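Enquirer: Listed below are the residues making up each chain.
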Amino acid sequence: MQGLILSGILISTYLMFIAKRMSALTRVFALQSFFLFLATYIAAKELGQLDLYIVAGLLLVLKVLLIPMLLGKIINKIKVSQDLGLFINAQISLFCALFFTFLAWVFSARLNIPGSHTEVGVFAIAFLVVLTGLFLMISRATALAQIIGLLAMENGLFLFAATVSGGMPFFVEIAIFFDIFVSVIIMGLFVYKINNLFTHIDVNKLTRLKG
Amino acid sequence: MKIFILILQLAWFIALAPFLSGFITKIKNNIRMRKGPSIFQPYYNLAKLFAKSEVISETASWIFRVSPLVVFSSYLTASLMIPVFILLKPFSFIGDFLALIFIFALGRFFLALSALDTGSSFSGMGSSREMFISSLVEPTICLIVFSISLQFGSTDITVFSGMHTVSIAAIITALSLFLITIAETSRVPVDNQETHLELTMVHEAMVLEYSGRSLAFLEMAAYIKQMILFFLIAQIIFPVYLPGPINLVQIFLWCLWYLARITIVAVIVAFVEVAVAKMRLFRVADFLGFAFILGIIAVVCAVMGV
Chain A
1 MQGLILSGIL ISTYLMFIAK RMSALTRVFA LQSFFLFLAT YIAAKELGQL
51 DLYIVAGLLL VLKVLLIPML LGKIINKIKV SQDLGLFINA QISLFCALFF
101 TFLAWVFSAR LNIPGSHTEV GVFAIAFLVV LTGLFLMISR ATALAQIIGL
151 LAMENGLFLF AATVSGGMPF FVEIAIFFDI FVSVIIMGLF VYKINNLFTH
201 IDVNKLTRLK G
Chain B
1 MKIFILILQL AWFIALAPFL SGFITKIKNN IRMRKGPSIF QPYYNLAKLF
51 AKSEVISETA SWIFRVSPLV VFSSYLTASL MIPVFILLKP FSFIGDFLAL
101 IFIFALGRFF LALSALDTGS SFSGMGSSRE MFISSLVEPT ICLIVFSISL
151 QFGSTDITVF SGMHTVSIAA IITALSLFLI TIAETSRVPV DNQETHLELT
201 MVHEAMVLEY SGRSLAFLEM AAYIKQMILF FLIAQIIFPV YLPGPINLVQ
251 IFLWCLWYLA RITIVAVIVA FVEVAVAKMR LFRVADFLGF AFILGIIAVV
301 CAVMGV
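Protein chains in written order, with the working numbering: chain A, 1 to 211; chain B, 1 to 306.
For the record, the hints were derived by calculation from the structure and aren't laboratory data. Keep in mind that a hint or two might mislead.
Taking CB as the label site, the calculated pair distances span [to be verified]:
id	chain 1	residue 1	chain 2	residue 2	range
1	A	V182	B	S128	53 to 59 angstroms
2	B	A260	A	L189	57 to 63 angstroms
3	A	I92	B	F40	54 to 60 angstroms
4	B	L197	A	I88	45 to 51 angstroms
5	A	V106	B	S154	56 to 62 angstroms
6	B	L259	A	I174	55 to 61 angstroms
Selected chain A positions facing chain B (in silico; Cβ < 8 angstroms) [said to hold, decoys possible]:
id	residue
7	L4
8	I88
9	N89
10	Q91
11	L98
12	L103
13	N112
14	S183
Keep in mind it's a predicted model, so treat the numbers as computed, not measured. Cβ atoms here follow ideal geometry from the backbone N, Cα and C, with glycine treated the same way.
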């Protein structure tokens, strides 16, 4: 079961690299969050902790349902083209993904994590997800991709914390969720306003200010 | 006894490979509410082609004459390398799993070369497309081999037949191999076997100049290649432990089981082919890129041991 979830996270992470359309990217993000939810739920069932159940529930409600819906709404509303604005095309992004995988693996293999190959693998995947978020933020021109990049990084950090210390403290977790949700709303509004003002959401063109 | 088994395996491949193709066509037609040609149509075609005389272009060199035989024999050799009925490796002195890939590549190389030989613009286009696709396919096949070898600790092809369990790595490997098989057997999202339409011409364009016996050999080679790939998929998803000792009753049972497994794969292929639309040639890179990703995930999963 754990293997299934891990490979699911891995597949959705690679899909993020090759997504060319905004709606596809949001859906892939929802998929990744769903696998994260499954992982948390299973951990909660094993440990029998109420905290973890609540965290899993929040993951499901916020990241799998609410945030992708919100972003989908924004995409529909601003009526720009679905194009993400790839600086680096899908195939080369894929090669970057391979490089990141290698990097994450070497990094986590050096850390002397106790446990089997699987633990090292989970750590590497968490690191890969963080790098994916970073890559998305750097290499995609539209503001929406930057939001999803940030969210993907957060997903990676969640997985990170889960492997290193069995999850963050409960209140920290709740605070992070709240933070994420509010920031997505604010950034969504921001994207909407940018679009109203400039009629596009390409972050590169923002340097040219309109009087 | 060993020789007998080998001859049996060879006969099995030659006798059954056209059937598989006819079977897929039949299913596809039935899904589309058509009657379609008989399951045995490929056999009739082959018989007809063998009886016909051959027309060879005046500009063709010896490569054109030789390559149908080279292609045919290379796939036949490949079929001998995988253990089907018993754990026997008659051709293990040639090499392991990686050698299988390169024997495949040999056949493909000669096919592309012979298509260029006559100077026909259509077959030249076909071979250029084929090389484009195969340059994307081969890295993925290598990844698939690495994944399987990591799971079983050896690149020997017989290890692969001693599989017991279906792990997640194995399932993802099979998925990746499935996408590759669709490209390799020139099926719908990549190519179309049914038409001679310019847009879809990859394999069909390459064999355009051939007629008679040579064409029969090339078609037979394509059928055998298809059967090998289907068998590999079936072996990964429905693993069977092949026993060492030789026993005629058991071999008969394996034959039935083998047929059942391959049929399941063929049905899946037929359904996929009906459901999917033909892709633009440059979208094929995305399609095969996805297969490549799956291959990498399979390797990662195999390293993690899940």
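Enquirer: Restraint: A/L4 near chain B, CB-CB cut 8 angstroms. Satisfied or not?
Expert: holds, 6 angstroms
Enquirer: With a cut-off of 8 angstroms on the beta carbons, see whether A/L98 makes it to chain B.
Expert: holds, 7 angstroms
Enquirer: With respect to the beta-carbon atoms only, verify the hint that A/V182 and B/S128 lie 53 to 59 angstroms apart.
Expert: holds, 55 angstroms
Enquirer: Kindly confirm whether 54 to 60 angstroms is satisfied by the beta carbon distance between A/I92 and B/F40.
Expert: violated, 48 angstroms
Enquirer: Is the hint on A/N112 kept, meaning its closest Cβ partner in chain B is under 8 angstroms away?
Expert: violated, 17 angstroms
Enquirer: Under 8 angstroms, Cβ to Cβ, is where A/Q91 needs to be relative to chain B, so tell me if that hint holds or is violated.
Expert: holds, 6 angstroms
Enquirer: Kindly confirm whether 55 to 61 angstroms is satisfied by the beta carbon distance between B/L259 and A/I174.
Expert: holds, 58 angstroms
Enquirer: Given a hinted range of 45 to 51 angstroms, is it respected by the beta-carbon distance of B/L197 and A/I88?
Expert: violated, 35 angstroms
Enquirer: So, A/N89 near chain B? Judge it on the closest CB pair being under 8 angstroms.
Expert: Violated, because the Cβ-Cβ distance from A/N89 to chain B comes to roughly 10 angstroms (cut-off 8 angstroms).
Enquirer: Can you verify the interface hint for A/L103: is its Cβ closer than 8 angstroms to any Cβ in chain B?
Expert: Hint violated; A/L103 Cβ to chain B Cβ min 13 angstroms, cut 8 angstroms.
Enquirer: Against chain B, is A/S183 within 8 angstroms by beta-carbon distance?
Expert: Cβ of A/S183 sits 30 angstroms from chain B, so the hint is violated.
Enquirer: Minimum Cβ distance from A/I88 to chain B below 8 angstroms?
Expert: Hint on A/I88: violated, closest Cβ of chain B at ~14 angstroms, above 8 angstroms.
In this structure, the hints that do not hold are numbers 3, 4, 5, 8, 9, 12, 13 and 14, in rising order.
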